[in-house]
Every structure is written in C-alpha cells, then in structure tokens.
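Q: Listed below, chain by chain, are the residues.
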Amino acid sequence: MRWRSPDFWSGLALAALGGYIVVAARGWDYLTPDGPGPGFFPTWYGVALLGLSLALVFTSGKGHIADWRGAGRAFAIWAAFAASLALIKAAGFAVGFAALTYFVVAVMYRRPALVALATAAAIVGAFYLVFPLALGVALP
Amino acid sequence: MDIAAGLMNGFAVALAPANLLWCFVGVLLGTVVGIMPGLGPPATIAMLLPLTALMNPAGAIIMLAGIYYGAKYGGSTTSILLNVPGESASVVTCIDGYQLARKGRAGAALGIAAIASFIAGTFGVLALMLVAPPLARLALAFSSPEYFALMALGLAMVVLLAGRSLVKALLAMLVGLWFAGIGTDVFTSTSRFTFGRMELLSGIDFVMVAIGVFAIGEVLANMEAREEPQALPVPKGLRNLLPTMQDMRDCRFAFANGSIIGFLIGVLPGGGSTIASFISYGVEKAFSRRREQFGTGVIEGVAAPEGANNSETGGALVPLLTLGIPGSSTTAILLAALVLWGFKPGPLFISENPSMFWGLVASMYIGNVMLLVLNLPLVPLFAQVLRAPVFVLYPVIIGLSVVGVYSVSSSLFDLGLLAGFGLLGYVMRKLDYPSAPLILGLVLGGAMERALRQSLMMSEGSLTILVARPISAAMLACAALILLIPFFARLNSWRLRAMEEENK
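As you go down the protein sequences, you meet chains R and H in turn. Counting from 693, one number per residue, gives the positions in the first sequence under the working numbering. Counting from 34, one number per residue, gives the positions in the second sequence under the working numbering.
These are calculated hints, taken from the structure and not from any lab test. There may be inaccurate statements among the hints.
[As the list claims (entries may be wrong)] Covered by chain R, per the in silico footprint, the following chain H stretches (three or more residues, Cβ under 8 Å):
| hint | stretch |
| --- | --- |
| 1 | 318 to 328 |
| 2 | 458 to 469 |
| 3 | 488 to 501 |
[Claimed, not checked] Pulled from the structure, derived: some chain H residues nowhere near chain R, Cβ distances all over 12 Å:
| hint | residue |
| --- | --- |
| 4 | N42 |
| 5 | L48 |
| 6 | R135 |
| 7 | T217 |
| 8 | L414 |
Where a beta carbon is used, it is the ideal one built from N, C-alpha and C, also for glycine.
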C-alpha cells in the first residue's frame, strides 16, 4: 500500500515545503534591473523540491521500508532533551542537564537511582570545571 | 614559494610547542573518536569548532585535521575487535579484520592497519603538497560562472555517491540549499524565510545544523538499543601487534593500491573515504592470487582499505584548500571552520596564507608519525574506550553539543533549533535520506547563489554565460552526465554496491 510507505509521507511533507518555498519566493523580486533578485534562486530550488518530492510520492510503493524498532527509545530521549532545554531556560544548565543525565542513566539504561544521581552530579561538575573555570566558556 | 621552502616554513610552524601539542591532542582525540562507534569526526569537529574560536587558527586547524585523520586510524580498531565500524570509512575493514581477530590474529590485523594507515596517510600528504599549489594557480583563472559550475559539479558527485536513492539525495541537497537561503539576502537586504523571527535574520548557523544532524542525530540512533556490543580481546605486548615479514610481503601491493586509489578518490568531491576503501578492497581482491580467500581473514584485505581511507584525507583537502569546495561532511565543517576564523579557502588561500597551508601539511607528517606510535604499542589501552559505559558517554556528547552551540550565539533560541535539527538528523537516518548532501547544500548554498547571481549580472540575465565559457560548460556537462548515471544499468549497479557496503 503506497500510503503506508514512509517515502510517501516524507515526499508529501517535502512537497509541501517546496510549495511553500515557491509561494514565498513569488513575494520577492525575481529579476531586478541589476540582475536576478532575491526570489530567483529560491524559485528554482523550490520548483525542483516540489517536482522531486512528488516523484518520490508517486514511486513510493516500492521504496525504502523504515525499521522503527527502537524508535520509541530515541523519541523518548529526544523529548527528554527538549524538556531539559526548557528546564535549562527556567532553572539553569546544572538543573536541566543533570535531569537529562539522570533520565538517560536511570530510565533509559535502567541503572540504580544512586548511580544515576552520582553520574549526573559528576558530569555536571566536570562541565563546570572544564568550561566556565578552565576555558572561560559560558554555560547556558 | 617553492615546495622545499614552503615545507621548511611549515615545519617551523608545526614544530612550535603549542602547535605540536594541538597536533597531539587532535590525533589522540581522533583515535578515541574513531574507536567509539557512533561518534564520527564530523560530529566531534562540529562540537569542538566553537571552542576553537579562542585558539590560534594554525593550532586550531592542526588540531581539527588531526581529529579528521586520527579517526581513520582509530576506526579500524573497532572494526577488527567488534565487527562494527568505529567510523564509516572502516566498514570494509570489518570483512577481513574481524575474521583475522576470530582466528586469534587480532594483533597482526591491528598492526597492519596502523602500518598501512601510516604509509598511505604519508603518501596522501605528499601528494597534497605536490598537487595543491599548481591546482590553486590554475583555479586563479576561475570567475563566477566557473565557480557556479564547480559547485554544481561537486554537489552532483556528492548526491550521486551519498545515497542509495538519487531522488532522496537530491531532496536532501535542496533542503540544505533552503536552509542556506534563510536570513537576509546580501544583495538586496530582503529577509527570506525568517517567519518574522529576529533570530533568523542573520541566517542559520552551519555549526548548529552540523551538530544537530551529526552529534544529536547519531546519539538518538545509537540509543535505540539498550545492549552494548562486546569486543574481542586485544593481545598484550608490542611483539604480538607486529605483523610478520610474510604479512608485510603479502601487503606490498595493498600499500600502493590503498595509497594511490585513496588519494585519487579523495580529490573527487563526493568520493569520500568509504568509497575509497571499498574500491581499494575491490581492486586488491581482483588482482590477488588468493581472491577466493577474501572475506575469511586475509591480511591484505585489511591493509588496502585502511590505507585508502587514510590517503583519502590528503586528497580531500585538495579541493577544499585550492577551490574552497568541500567533498564530504567533514571537509564541509573544516571549510566552515576556516571561514569562522576569517580565512577564505580558494585559489588564493595558499599564496595568502602560506604558513597556514604549509603548517597544516607539515603537521600531517608529524601527526601520522604520532598516530603510528600511538596505535601500535598503545592499541590495548585505546581498546579500553570500547568498555566505557554508554550511559555516561551519550549525556556527555549531548552536553558538549549544547555548550558548542551556545558558545557560538549565546542564544537559547538556537538550542531549540539544535533539538529540531537533532530530530531531523535522526528521522533522515530512519527514512534513508543521506545527510552529506544536506550539509553540503547548506555550506555551498550561499556561495552558489552568489556565483549564479553574479554570473547573470555579468551577462545581463542571460543563462548562456554558464555554457559559453569552456571550463564552465565542461563542468556543467560533467555534472549533467553524473546525474544521468543511475539511468545506465552497469554504472548504477556499481554505485548501488558501494552504497550497500557503506550501509551494511
């Protein structure tokens, strides 16, 4: 079934992006008295993106079969990473990054809570020693 | 400056204590990174790139190049002991290297990998030194149309060799061009694709995309599995790591084959070390008297690909330093590094920055010697890296990525984009979209648009300028022919075999 193929959906998403690029580029000058305008190059790669992604959609039935085993773990880590960035913004690097490390060690790799806490504290401490103290690089 | 004088100048730069230290740090880090499956040189260089802004540029490029070629030495260790390539260039080494290790000859395999890497790596630097200066002089005749054609040719080759699906590789490249177009147009000051965000007016920083796609994307992909693979033991003692005289005799042709093929493939944009090692292995097998034994643990099956992937480094630096055209993800990041430090890689780079170019060349000779010393007696020590717990390693990589991006812009908005690009890198892997064309599209996009628009300004809007000039016309014809290769069954079957090996 074509609609079950990942190529079908990724092709559709890229076709939408290509369409958006072409529409946005129409809002800028294509040619100016001095030569090509800001809309010139985006129009061409937008059209190419649209055309090729539609080609992918229409040939998607015999394409790549994605293996999604383990993807749940990867998405969980990504969600934890995104949440830790929000935490970094609200409470600082130490809290946000320690929480992420704790999650990775304790939840994703199922190590005891004490090991996770010690690992998180050690890594955060090492980052503070290396970056702000030794290299003078600010942490978020 | 002639070659001898340039090299003397280069050794004066490379032997300065600080640069010697950075060279050592680079090759050491490179070896460790090469050994670690899932952390490649593009991710490492991208993560460290922002920190190099604090360094002397000569020391910084020496260190980053050290990571680049050092990783190729280290990658063989994981291939031989674990049957998992430490980095993509070592994938072919798994075939015979792991079989040798299973037969109790891990020491000989590791030893011959280090020796082949040293011989071919040194050959690659020698060839770089001889080829780059005359090529840069030739490229001085290039104008905007030739540059546009050259970039089109480079992107065509990368697209051809970067993925099993040509359509997906082209799509990834086009998305890279779109990323490059985000921000303020330099010709008219029009803001493009900024979605009303002030943070996007200056464009998307290349470092952020590279770290997101390579470092975060790789971590997400590697964390899919909870189990950690187990490595075979490494024999103790230098004597057990040295190949026999018979091994050395068996590998004579492999050393030469790996050196020459690796360099030639490296010079071609898009060739890459994985393709170089694959072709070198194929040539070795085709000319061997015991070709039927390949795949069962043949020593030259390790020497040829390991030599090729190290010689390729010298070749890959030729288009980067003389034309400003990167041929792979890693050289694209090195290009970004040079631009970040205020240099303009291209035909004038060598003549305007002789100390930088010759210092880099001399440091690569020194770095290869350091790597031979590090990788022969100390390989059992490096193999311990494979025992490092991944639950410590992955948070450290994520933390380095965050600090690397934040140190460039001090913007939390950019950290949000980093998360987005990390997810993009992971999804691209899952959906079989190659990341190299995306990165090269991003790196070359701005310059390509500039070259095209300048060409059309020169011709008052006529596209014929691109085909009226002979060099430009020849390069565009080559690009078109390359993109037609998938329609020729025999050539395409070779391309697909290379891709299959790369993705095994």
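Q: Now look at each hint and say whether the structure bears it out.
A: We went through each hint and held it up to the structure:
| no. | hint | result |
| --- | --- | --- |
| 1 | 318 to 328 | violated (count 0) |
| 2 | 458 to 469 | holds (count 5) |
| 3 | 488 to 501 | holds (count 4) |
| 4 | N42 | 30 Å, holds |
| 5 | L48 | 25 Å, holds |
| 6 | R135 | 27 Å, holds |
| 7 | T217 | 9 Å, violated |
| 8 | L414 | 21 Å, holds |
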